[in-house]
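2 protein chains.
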Amino acid sequence: AMAGCGWARAVRGLLLDVSGVLYDGSADGGVPIAGSAEALRRIKASGLKLQLCTNETQATRENFVRKLRALGFEVSVAEVTAPAPAACGLLRERGLRPHLLVHHDLVPEFAEIDKTNPNCVVLGDAAENFTYANLNEAFRLLIGMEKPVLISLGKGRYYKETDGLKLDVGAYMKALEYACDVQAEVVGKPSKRFFESALAELGVPPEQAIMIGDDIENDVGGAQQCGMRALQVRTGKYRPSDEQHPKVKPDAYVNNLAEAVDIILQQL
Amino acid sequence: AMAGCGWARAVRGLLLDVSGVLYDGSADGGVPIAGSAEALRRIKASGLKLQLCTNETQATRENFVRKLRALGFEVSVAEVTAPAPAACGLLRERGLRPHLLVHHDLVPEFAEIDKTNPNCVVLGDAAENFTYANLNEAFRLLIGMEKPVLISLGKGRYYKETDGLKLDVGAYMKALEYACDVQAEVVGKPSKRFFESALAELGVPPEQAIMIGDDIENDVGGAQQCGMRALQVRTGKYRPSDEQHPKVKPDAYVNNLAEAVDIILQQL
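Chains as they are written, first to last, in UniProt numbering: chain A, 1 to 268; chain B, 1 to 268.
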């Protein structure tokens, strides 16, 4: 066993964030992070259970998996836990009919959901669909409801694409929360319910699972709240100032996914 | 004297909000609120001092006054206190060079200000200029500053135009505040400094002035914080739920400006 790697003991399953861990995204695809495709293969060969736990809402899971496979990652739709399917479950449970302000490529995830006469707004990372007109439309629907219901697919501040930083869904969530004086319900990381559903897919209890991500709050903080260990990779949107975060401290930092997998497999 | 109108005694000057009090705006002009042009004439004929105190940032004061005169309101540029000129004063004082995310018709107000190599962002009600690209640009400038400075021309939640409610600058301010983890400096109502400059223009101390507006927080709350009395009109964006506001209670409600002026003039 390696010294100082107690955090890697008694692991049976891994939850992996995707953007910033497996690859760096861009509007037209993205580029793999060095060593991550090989690391994914080693996880699968080791017998460890694996689930991707992503806040990706710019594509259906089918198209997301197609993109990942094109980049060299051997994953299946069943291995992806994402906010849109979780939101569909919540909408059905509560009889909610959404107005969607999401990326146009995400719309098919809501194909089976009744969207007539909306009684809530579902907000995703709509990217180019974040127009002045679309934001006003979502706002008017919310303010016109007796009790406005705003469901946000994640609450990230920003993310990094190959051409620079972009405002994430959380910024637009805050705009609508303020204008309507409501609090959004967040589906996706860091919500406890979302991590629990990813763990259920993984089939491993939290104390035997490790989350690996680049987002100190949404990945690391959220997973730790569920009783999991969590690593922050120094790739993706990681910034050195994250290591002084006032509230969240990862169980360990690793330079990248490949390094994390090396250490974990040595402890098996 | 009318019963229950003690709030109208000992008045020497009025501060009036404009949109929702004098007229309801629209992209191509707007429509006067019934009785408000006549009420404005009666104020001027009475000898009461008058100042318009607006968070309007979709036009220069010159163009704003031109629009008001076309709608039948006899006002001059000197009678308008607006955020952009106040912001220019602040930028000069502190040697700040702004990146502007404002309505294109407001840009001339900043003609004399150095805008090279920006070290702050000035945010106004940019309307159609609130595009995804422009919001990302402002965000990247801010997050790239060692100490981000965000100056917001007002912090309204929303306002009403003839074709419906629109998100106001405050919603976009919250989006950038959250993404950059900064607190904006607000120039305009409800800032105390802004009301004090309007009172200075009015030439009347706060205890002899009344603010009349349709915004429970920015007009009524802000003016009361400065020691003025404040009325809420039941026109513009007024909603019955405003009367249950948890923190702000107007000195009186009036149906519209005409009713307020009737009562005030009877007490002179």
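By construction, these hints were calculated from the structure, which means they are not laboratory data.
Do not rely on the hints blindly, as some may be mistaken.
In this list, chains with the same sequence are indistinguishable; a pair is considered to hold if it fits within one copy or across any two.
[To be verified] In silico DSS-like cross-links for lysine-lysine, where the CA-CA straight-line distance does not exceed 30 Å:
1) K249 <-> K115
2) K147 <-> K49
3) K147 <-> K247
4) K237 <-> K67
5) K247 <-> K44
6) K49 <-> K249
7) K247 <-> K115
8) K160 <-> K147
9) K115 <-> K237
10) K249 <-> K147
11) K44 <-> K115
12) K237 <-> K49
Status of each hint after checking the structure:
{"no.": "1", "hint": "K249 <-> K115", "in the structure": "neither (41 Å within a copy, 39 Å between copies)"}
{"no.": "2", "hint": "K147 <-> K49", "in the structure": "neither (42 Å within a copy, 43 Å between copies)"}
{"no.": "3", "hint": "K147 <-> K247", "in the structure": "between (33 Å within a copy, 20 Å between copies)"}
{"no.": "4", "hint": "K237 <-> K67", "in the structure": "within (20 Å within a copy, 47 Å between copies)"}
{"no.": "5", "hint": "K247 <-> K44", "in the structure": "neither (33 Å within a copy, 57 Å between copies)"}
{"no.": "6", "hint": "K49 <-> K249", "in the structure": "within (25 Å within a copy, 59 Å between copies)"}
{"no.": "7", "hint": "K247 <-> K115", "in the structure": "neither (39 Å within a copy, 37 Å between copies)"}
{"no.": "8", "hint": "K160 <-> K147", "in the structure": "between (35 Å within a copy, 20 Å between copies)"}
{"no.": "9", "hint": "K115 <-> K237", "in the structure": "between (35 Å within a copy, 29 Å between copies)"}
{"no.": "10", "hint": "K249 <-> K147", "in the structure": "between (37 Å within a copy, 23 Å between copies)"}
{"no.": "11", "hint": "K44 <-> K115", "in the structure": "neither (39 Å within a copy, 54 Å between copies)"}
{"no.": "12", "hint": "K237 <-> K49", "in the structure": "within (26 Å within a copy, 55 Å between copies)"}
In the structure shown, a violation is registered for the earlier hints numbered 1, 2, 5, 7 and 11, in ascending order.
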